[in-house]
Amino acid sequence: AQSVSQHNHHVILSEAASLELGCNYSYGGTVNLFWYVQYPGQHLQLLLKYFSGDPLVKGIKGFEAEFIKSKFSFNLRKPSVQWSDTAEYFCAVIKAAGNKLTFGGGTRVLVKP
Amino acid sequence: EAGVAQSPRYKIIEKRQSVAFWCNPISGHATLYWYQQILGQGPKLLIQFQNNGVVDDSQLPKDRFSAERLKGVDSTLKIQPAKLEDSAVYLCASSFELSVGMNTEAFFGQGTRLTVV
Chain A
1 AQSVSQHNHH VILSEAASLE LGCNYSYGGT VNLFWYVQYP GQHLQLLLKY
51 FSGDPLVKGI KGFEAEFIKS KFSFNLRKPS VQWSDTAEYF CAVIKAAGNK
101 LTFGGGTRVL VKP
Chain B
1 EAGVAQSPRY KIIEKRQSVA FWCNPISGHA TLYWYQQILG QGPKLLIQFQ
51 NNGVVDDSQL PKDRFSAERL KGVDSTLKIQ PAKLEDSAVY LCASSFELSV
101 GMNTEAFFGQ GTRLTVV
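In the order they appear, the protein sequences are chains A and B.
The numbering of the first sequence is my numbering, which starts it at 1 and goes up by one.
The numbering of the second sequence is my numbering, which starts it at 1 and goes up by one.
Next up, chain A with everything else stripped away, as it sits in the complex (with noise of 0.2 Å):
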């Protein structure tokens, strides 16, 4: 069965911090890749995401993330925090055969002022 790791269930940094969230999945075919947040209260929205070309993804609000196809990885960053950057997070992975979108555990972040 396919699955999605998140290493990290809670992380805590004071603004302007950098931030490293880390996704693993665990299959080895062709994958389209997916980091969502969800902020207090709103809905899951699309913060960047990989299906071809540069693994090196640029994503809204100063996120990257780089997809290190060696290593089943997926890793979201920001250099910078911002206290807004408070919410949950989660990698999410479809690969080919069945188109199915499946969901890591997530990360809630908690950037103190």
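Rough simulated footprint, nothing fancy, chain B against chain A, three-plus residues with beta-carbon under 8 Å: (1) 30-37; (2) 40-52; (3) 100-106.
A partial selection of chain B residues facing chain A, derived with a Cβ cut-off under 10 Å: (4) V4; (5) G40; (6) Q41; (7) P43; (8) K44; (9) S58; (10) A93; (11) S95; (12) G101; (13) T104; (14) F107; (15) G109; (16) G111.
None of these hints come from the bench; they were simulated from the model.
Where is the CB? At the ideal position from N, CA and C, for every residue including glycine.
For this one, chain A is given, so just place chain B on it according to the hints.
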């Protein structure tokens, strides 16, 4: 562009009662998903439709959950009878065909928060 609409936003029912959720996807989106998100966990896919056909329902508890997408547009998800462990947020999402290599994404509604007491 209008987003994915879901109703109701909140529902409280007693165990063994039935409940139904409604979803109206973004116009033109052929693929529709229902996810269950239990507190503290990531969304779990219950069922995926392509137009009005089911693509994947392998994680749908078919003894109590059912879903339909008549005419390939709106969808309803029903639970009958509900159990305490069904307390969760039920998310609907839609997309153009979401497949590997294609530049598409799934758009999510606000969800329905179900509490079973």
